[in-house]
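With chain A fixed as given, assemble chain Z onto it according to the hints.
Number of protein chains: 2
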Amino acid sequence: MPQNPEVLLGPGDDAALVRAPDGRFVVTTDLLLEGRHFRLDWSSGYDVGRKAAAQNLADVAAMGAEPTALVVALGVPAKTETAWADALADGFRDECAEVGAAVVGGDVTRSETVVVAVTAFGDLGGRAPVTRAGARPGDTVAVTGRLGFAAAGLALLAEGRAERWRAERAERAGEPEGEDGLAELVAAHRRPRPPYACGPEAARLGATAMLDVSDGLVQDLGHVAEASGAAIDLEPASLPLPEVLRAAGRLLGTDPFDWVLGGGEDHALAATFPPGVRLPPHWIVVGRVREGRGVSVLGRPAPHRAGWDHFRE
Amino acid sequence: MPQNPEVLLGPGDDAALVRAPDGRFVVTTDLLLEGRHFRLDWSSGYDVGRKAAAQNLADVAAMGAEPTALVVALGVPAKTETAWADALADGFRDECAEVGAAVVGGDVTRSETVVVAVTAFGDLGGRAPVTRAGARPGDTVAVTGRLGFAAAGLALLAEGRAERWRAERAERAGEPEGEDGLAELVAAHRRPRPPYACGPEAARLGATAMLDVSDGLVQDLGHVAEASGAAIDLEPASLPLPEVLRAAGRLLGTDPFDWVLGGGEDHALAATFPPGVRLPPHWIVVGRVREGRGVSVLGRPAPHRAGWDHFRE
Numbered sequence: 001m002p003q004n005p006e007v008l009l010g011p012g013d014d015a016a017l018v019r020a021p022d023g024r025f026v027v028t029t030d031l032l033l034e035g036r037h038f039r040l041d042w043s044s045g046y047d048v049g050r051k052a053a054a055q056n057l058a059d060v061a062a063m064g065a066e067p068t069a070l071v072v073a074l075g076v077p078a079k080t081e082t083a084w085a086d087a088l089a090d091g092f093r094d095e096c097a098e099v100g101a102a103v104v105g106g107d108v109t110r111s112e113t114v115v116v117a118v119t120a121f122g123d124l125g126g127r128a129p130v131t132r133a134g135a136r137p138g139d140t141v142a143v144t145g146r147l148g149f150a151a152a153g154l155a156l157l158a159e160g161r162a163e164r165w166r167a168e169r170a171e172r173a174g175e176p177e178g179e180d181g182l183a184e185l186v187a188a189h190r191r192p193r194p195p196y197a198c199g200p201e202a203a204r205l206g207a208t209a210m211l212d213v214s215d216g217l218v219q220d221l222g223h224v225a226e227a228s229g230a231a232i233d234l235e236p237a238s239l240p241l242p243e244v245l246r247a248a249g250r251l252l253g254t255d256p257f258d259w260v261l262g263g264g265e266d267h268a269l270a271a272t273f274p275p276g277v278r279l280p281p282h283w284i285v286v287g288r289v290r291e292g293r294g295v296s297v298l299g300r301p302a303p304h305r306a307g308w309d310h311f312r313e
Numbered sequence: 001m002p003q004n005p006e007v008l009l010g011p012g013d014d015a016a017l018v019r020a021p022d023g024r025f026v027v028t029t030d031l032l033l034e035g036r037h038f039r040l041d042w043s044s045g046y047d048v049g050r051k052a053a054a055q056n057l058a059d060v061a062a063m064g065a066e067p068t069a070l071v072v073a074l075g076v077p078a079k080t081e082t083a084w085a086d087a088l089a090d091g092f093r094d095e096c097a098e099v100g101a102a103v104v105g106g107d108v109t110r111s112e113t114v115v116v117a118v119t120a121f122g123d124l125g126g127r128a129p130v131t132r133a134g135a136r137p138g139d140t141v142a143v144t145g146r147l148g149f150a151a152a153g154l155a156l157l158a159e160g161r162a163e164r165w166r167a168e169r170a171e172r173a174g175e176p177e178g179e180d181g182l183a184e185l186v187a188a189h190r191r192p193r194p195p196y197a198c199g200p201e202a203a204r205l206g207a208t209a210m211l212d213v214s215d216g217l218v219q220d221l222g223h224v225a226e227a228s229g230a231a232i233d234l235e236p237a238s239l240p241l242p243e244v245l246r247a248a249g250r251l252l253g254t255d256p257f258d259w260v261l262g263g264g265e266d267h268a269l270a271a272t273f274p275p276g277v278r279l280p281p282h283w284i285v286v287g288r289v290r291e292g293r294g295v296s297v298l299g300r301p302a303p304h305r306a307g308w309d310h311f312r313e
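In order, the protein sequences belong to chains A and Z.
When we follow the UniProt record's numbering, the leftmost residue of the first sequence carries the number 1, and every step to the right adds one.
When we follow the UniProt record's numbering, the leftmost residue of the second sequence carries the number 1, and every step to the right adds one.
For reference, chain A alone in the conformation it holds in the complex (with noise of 0.2 Å):
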């Protein structure tokens, strides 16, 4: 595995030694098992491997900080092919390469199926951590990265169609098979792609309050809500609805808003900044923190952790 410059000690004794430049370190962990998070024939070793490490990261740059280490503990059944345990690996180095951190440890023991145990690190550059709790009557709320997508790949997947549209699709064009629109959601659900650089961006930026996105939009700005014992109102409308969420939508039947609004797994990041903050084009302005409880989506209150598609009429 390749090391970086805050690697001191690195793989292969008792313990790994990692730079903490400011005097602190951010540390998260996620359990990610077999069945229940990921499927063996819906995923490669290597997708898994970017999937595990990328939504442990997305928490480190959710805090305001820079990736710099993980840590993997992995249970595999003995009948794992060495082939499929590389390819884990490479999703892994290819996952923190995207943010210059490295694996500096793990440990790996017999197990009846795949699991996948990751901690990763960050460093805050001596800046406070951005937490949940920090917004404040007229904050702005703002998201940026993809929001729904990995839920609808999931879908796509599960309804079984992702290949037969792709194949009726080519048939029909007289194409060959390829990259399309509804490939790129089933490919989000596999790995998706947090922003991570905008997490530390809105700490700078000064943002009041931020997390990732793995539960769904509404859900988690419940948490954010919570937390701050505030209220947010959601205005959607100016969320992005990108025609292959549509297409998807169309093809499954599916609102794509409940997606958009209810899906977790890609990782986005929210996050509140004080009234008057000039956001970069990719920061969109989903909605306004006042005082009071809760979350509502364009006037009307959203039930506590519950998705979007539980309380649309």
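These are computed hints drawn from the structure, not numbers from a lab.
Think of the CB as a built atom: it goes at the ideal place given N, C-alpha and C, for glycine as much as any other residue.
Keep in mind that a hint or two might mislead.
Said to hold, decoys possible - Here are the in silico distance ranges between beta carbons for each label pair: (1) A:Pro77 with Z:Arg290: 40 to 46 Å; (2) A:Pro2 with Z:Gly181: 37 to 43 Å; (3) Z:Arg293 with A:Arg39: 45 to 51 Å; (4) A:Gly100 with Z:Ala85: 33 to 39 Å; (5) A:His282 with Z:Glu81: 28 to 34 Å; (6) A:Asp86 with Z:Glu184: 43 to 49 Å; (7) Z:Thr82 with A:Ser238: 40 to 46 Å; (8) A:Ala197 with Z:Arg300: 58 to 64 Å; (9) A:Ala158 with Z:Thr82: 28 to 34 Å; (10) A:Arg39 with Z:Arg246: 49 to 55 Å.
What the hints assert, rightly or not - Pulled a few chain A residues facing chain Z out of the computed Cβ check, cut under 7 Å: (11) Met63; (12) Leu211; (13) Thr254.
Below, chain Z alone, put in the same frame as chain A:
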């Protein structure tokens, strides 16, 4: 979970924030799986928590660092009782309290069997890490902590003998069942008691190499020899062989020295020191580093990666 001064931001956000006073942190991770690393009929939730914490905190100590914090990613079956999970958390809390560390974060998910992934952190206080690679010819090899206790306890459990022996003894003596010697061995399997403070102590004494004994003394000293490019002559006559190990050996028809030299999981510490270092009495000199390769026991070469029982006459 109780926190400590090292914890700047505890559980509940995307990530935690932990102090790293000397600008670096030591990190180690381990995966414990039901059926492989523990059995729910042999260990309570409390035992599993203590053991999972202990084996990671011991790795931190084995670098010469003071443990500061850990994170836990947990998979539990839907049928798991709350009391079991509470006991697990209590076990983590109490083992961490032994060293003043705090559980700063975690992840919980549904799982078919119990999965416990722990990542632990420590601070070196400005010292260099004590790796496996620094042993030099002429160095003294010393150990501290219990050896063979956990292996003997596991053997007793595996033979189903511990309970029977206690019952018979109680019957003969007309005594009620209670704590006794063999129970201590079984307890050692369930809850290792690593000599945490001896890790930083060894570093301050100038230890040139160190590790925690998790695979067995002979095999683990083989790691030191290999990483250091030197040979280790082990003279096990100096190792204590407590009466409780002898008693268990008689009961099971096993040479108790097999457990002392080949048994892991007590998380004793083994270290090498420059000649002339005066060691406190809890460090027992068991050998010497010399030019060459591999480990020898009483002058006979020990096969690479084998416990004592695989090569004795």
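Okay, the hints, checked on the actual structure:
One distance hint, 40 to 46 Å for the beta-carbon pair Pro77 (chain A) and Arg290 (chain Z), holds here, with the actual separation near 42 Å. Separated by about 51 Å at the C-beta atoms, Pro2 (chain A) and Gly181 (chain Z) break the suggested range of 37 to 43 Å. A beta carbon spacing of about 46 Å between Arg293 (chain Z) and Arg39 (chain A) agrees with the range 45 to 51 Å that was offered as a hint. Separated by about 37 Å at the C-beta atoms, Gly100 (chain A) and Ala85 (chain Z) satisfy the suggested range of 33 to 39 Å.
Distance hint check: the CB atoms of His282 (chain A) and Glu81 (chain Z) are about 47 Å apart, inconsistent with the given range 28 to 34 Å. In this structure, Asp86 (chain A) and Glu184 (chain Z) meet the distance hint of 43 to 49 Å, their C-beta atoms being roughly 45 Å apart. The beta-carbon spacing between Thr82 (chain Z) and Ser238 (chain A), approximately 43 Å, falls within the hinted interval of 40 to 46 Å. Checked against the given bound of 58 to 64 Å, the beta carbons of Ala197 (chain A) and Arg300 (chain Z), roughly 59 Å apart, stay inside it.
Range check, Ala158 (chain A) to Thr82 (chain Z): Cβ separation about 32 Å, and the 28 to 34 Å hint holds. Our hint of 49 to 55 Å for Arg39 (chain A) and Arg246 (chain Z) holds, since their Cβ atoms are close to 53 Å apart. For Met63 (chain A), the suggested interface contact is upheld, since its CB lies about 5 Å from the closest CB of chain Z, less than 7 Å. Hint status for Leu211 (chain A) relative to chain Z: holds, with the closest Cβ pair at about 5 Å, below 7 Å.
The criterion of a C-beta within 7 Å of any C-beta in chain Z is not met by Thr254 (chain A), whose closest approach is roughly 25 Å, and the hint is violated.
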